[in-house]
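Participant: Given next are the chains, with one letter for each unit.
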Amino acid sequence: MESVFAVVAGVLYATGLYLMVRRSIVKTIFGLALLGNGANLLIFTVGRLTAGRPPYIPFGESAPLPPVADPLPQALILTAIVIGFGVQAFALVLIKRVYQTVGSDDVDKMTTTDTITDHGGIP
Amino acid sequence: MNHLLFLPLLIPLATAVSCLALWHRHDLQRMVSLAGASALLLAGGTLLTAVRHRGVLSVQAGNWTAPFGITLVADLFSAVMVCVTGVMGLAVAIYALADTAPEDERQGYHPLMQILLLGVCGSFLTGDIFNLYVWFETMLIASFVLLAMGGKRANMEGAIKYVVLNLIASSLFLAAVGILYGVAGTLNMADLSRLLRDAEVSGPLPVIAILFFTAFGIKAAVFPLFFWLPAAYHTAPIAVTTIFSALLTKVGVYALIKIFTLIFFNETEAWQPYILAVAGLTMVVGVLGAIAQHEMRRLLSFHIISQIGYLIMGLGLLTRLSLAGTIYFMIHVIAAKSALFLATGMVLRLSGTTELKKLGGLYRTQPFVSALFLLPALALAGIPPLSGFWAKLALVWAGLETGRFIVVAAALLVSILTLFSMIKIWSEAFWKARPAVEETAPQSAPSLPGASFWLMAAPTGFLGLTTAVMGLYPEPFYALCLEAASQLLEPTAYIAAVLGGTP
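Top to bottom, those sequences are chains A and B. Quick note on our numbering: the first sequence kicks off at 1 and runs consecutively. Quick note on our numbering: the second sequence kicks off at 1 and runs consecutively.
Source of the hints: derived by calculation from the structure; they are not laboratory data. Don't be surprised by glycine CBs; every beta carbon is placed ideally from N, CA and C. Among the hints, erroneous ones may be present.
[Unchecked claim] List of simulated lysine-lysine pairs, DSSO-like, C-alpha gap at most 27 Å: (1) K358/B to K152/B; (2) K109/A to K152/B; (3) K96/A to K152/B; (4) K432/B to K357/B; (5) K109/A to K357/B; (6) K96/A to K27/A; (7) K424/B to K358/B; (8) K27/A to K109/A; (9) K109/A to K96/A; (10) K152/B to K432/B; (11) K152/B to K27/A; (12) K357/B to K424/B.
[Claimed, not checked] Derived list of chain B stretches under chain A, where covered just means 3 residues or more per stretch with a C-beta under 8 Å from a C-beta of chain A: (13) 127-140; (14) 145-152; (15) 413-420.
Working from the sequences, and respecting the hints, build out all of it.
Facilitator: Spelled out as structure tokens, the structure:
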């Protein structure tokens, strides 16, 4: 089971990185989203996969009987998903505004803040 | 008494909420954020005094005992940083009274600035790595919006680079947190420190350390991960650039220092050379980038990077003196750099440009503004008796003591190059005669009415004077920094304060 999750996380990372090295900012944002999901899946997997054993305390006991699933990684992922959702929503609006102001979604066209012209000033 | 730790979080939060409630009343928002920043400074000062007298303070939210609950903890280093955050918040709030565009205020400049301060204070005070991630994101999302606010082409281009690279850093950070949890089973920093000290943990710790170093390295803008910074910082309004330069990269450095002193303190010898190499390259590349620039804000943005190199150098040397030097350097560079940016903002308002080719003659027309620039410029370069001299002296001394001669040489060389590029600004913008204005670009004579002038000059002058005071009376500052460095190197008090038990 772990190996399947590991491969899926790896594929998500690889796809995300591939999309991010493309020149289109739309693909970059998709890449970021995949990278975030890859990280979430990674946390889920390294937090140990325990199927079918929710961390409930049975009647008459004072602690859950091991082995139980660790709820903390899932809480972490939940938080990370919410944060990722907010940030990606912002990023989508941002690329729309960038497209409107720059008139292109090509990152190679977005170099004015990095360039110095021959006369030493700003383009 | 330990509930004091909540104040630096509650004050900016309450201020931000009040500003949101007063959305259409910009005059009231200004007053509220000024009051909030003053209260934050006060809280930071009280916290620093308390930590100084009573040792490391910690508080568990909702009384869930560590390592299960949400922990806030303040050692001297974090208390100093919270205090500095308060000073910077207030300085920028005063400056912004005179220098915030109405359209920025309409888009929520004041609440966003407070949320930024909230994220920064949270990062300094948290005792849990996952919460550190959350605070980082709080800080980042506010900074994203502040940076993109202008809506012009430069803002947008700067923002897209900043956002993308910082989100990559965040996902690396998140992955590192996840793997660390898988290895150690806890994310409480004190608990991690205790577990690793007793060597109860085995696993891919070097991998985790490198992931953390890369993630925080992007945020702190170290070589070769700094390219987002000079592309983005100079596009924002001066007040925003100042607070970014003062706090955001420093939070990255703070996190690096905390992680490497508390958690990855094993195999120190193995990673020290790499950190020192990164430090040296960051200094040199940053200052070389600055020399190539002909616009004041871009030039100063590159200097942020080169100064980060010095901070990382202190971490790489990892002695009591070098860490104290780093903390002293951090206070010094925040004050000096912010004063330079604020003075640049005054130049922009007075001359309508910050391009060195078009500037000139300011020393003749504005001798006071020239002095406001000159003082922190000399401090940044490390001219005695200003603060930069003592900061660099401690680092160089620590480097010589440990026999790391190459990085010491780099530090000294970069000092000279820093002085060179400061002289370049000085001679181009302040000394040389103002170039004849071209016919094609008629310049509207920019003016700065008296009240605005003093609102901008007061925080600039105060931060500049701070560098002078720190230089003339370094003793109490160094005593504080040495104490903070001892706490970093010997975290038994930190662990005891969080987990209980005798140190």
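Participant: Work down the list of hints and note, for each, if the structure agrees.
Facilitator: Hint check:
1. Proximity of K358/B to K152/B is assessed by CA-CA distance (about 22 Å); at most 27 Å being required, the pair is judged to hold.
2. The suggested pairing of K109/A with K152/B holds, with an alpha-carbon distance near 15 Å, which does not exceed 27 Å.
3. Pair hint K96/A plus K152/B holds up; C-alpha atoms about 13 Å apart against a cutoff of 27 Å.
4. Annotation: proposed proximity of K432/B to K357/B holds, straight-line Cα distance about 10 Å (limit 27 Å).
5. Distance restraint check for K109/A and K357/B: the Cα-Cα separation of roughly 26 Å lies within the 27 Å cut-off, and the hinted pair is therefore satisfied.
6. Note on K96/A and K27/A: the hinted pairing holds, with a Cα-Cα distance of about 13 Å set against a maximum of 27 Å.
7. In summary, the hint linking K424/B to K358/B is supported, as the alpha carbons are separated by about 14 Å, within the 27 Å threshold.
8. Straight-line distance between C-alpha atoms of K27/A and K109/A comes to about 15 Å, which keeps the hinted pair within the 27 Å bound.
9. As the CA atoms of K109/A and K96/A are separated by approximately 15 Å, the hinted pair is consistent with the 27 Å bound.
10. Under the criterion of a C-alpha separation no larger than 27 Å, the hint pairing K152/B with K432/B is inconsistent with the structure, at around 32 Å.
11. With a C-alpha separation of about 23 Å, the suggested pairing of K152/B with K27/A holds against the 27 Å cut-off.
12. This hinted pair checks out: K357/B and K424/B have alpha carbons roughly 11 Å apart, not beyond 27 Å.
13. Under a criterion of three residues with beta carbons nearer than 8 Å to beta carbons of chain A, the stated coverage of the stretch 127-140 of chain B is upheld, 5 such residues being counted.
14. Counting residues of the stretch 145-152 of chain B whose beta carbon lies closer than 8 Å to any beta carbon of chain A gives 4, which reaches the threshold of three, so the coverage claim holds.
15. Judged by the Cβ-Cβ criterion of 8 Å, the stretch 413-420 of chain B is not covered by chain A as claimed, because only 0 of its residues qualify and three are needed.
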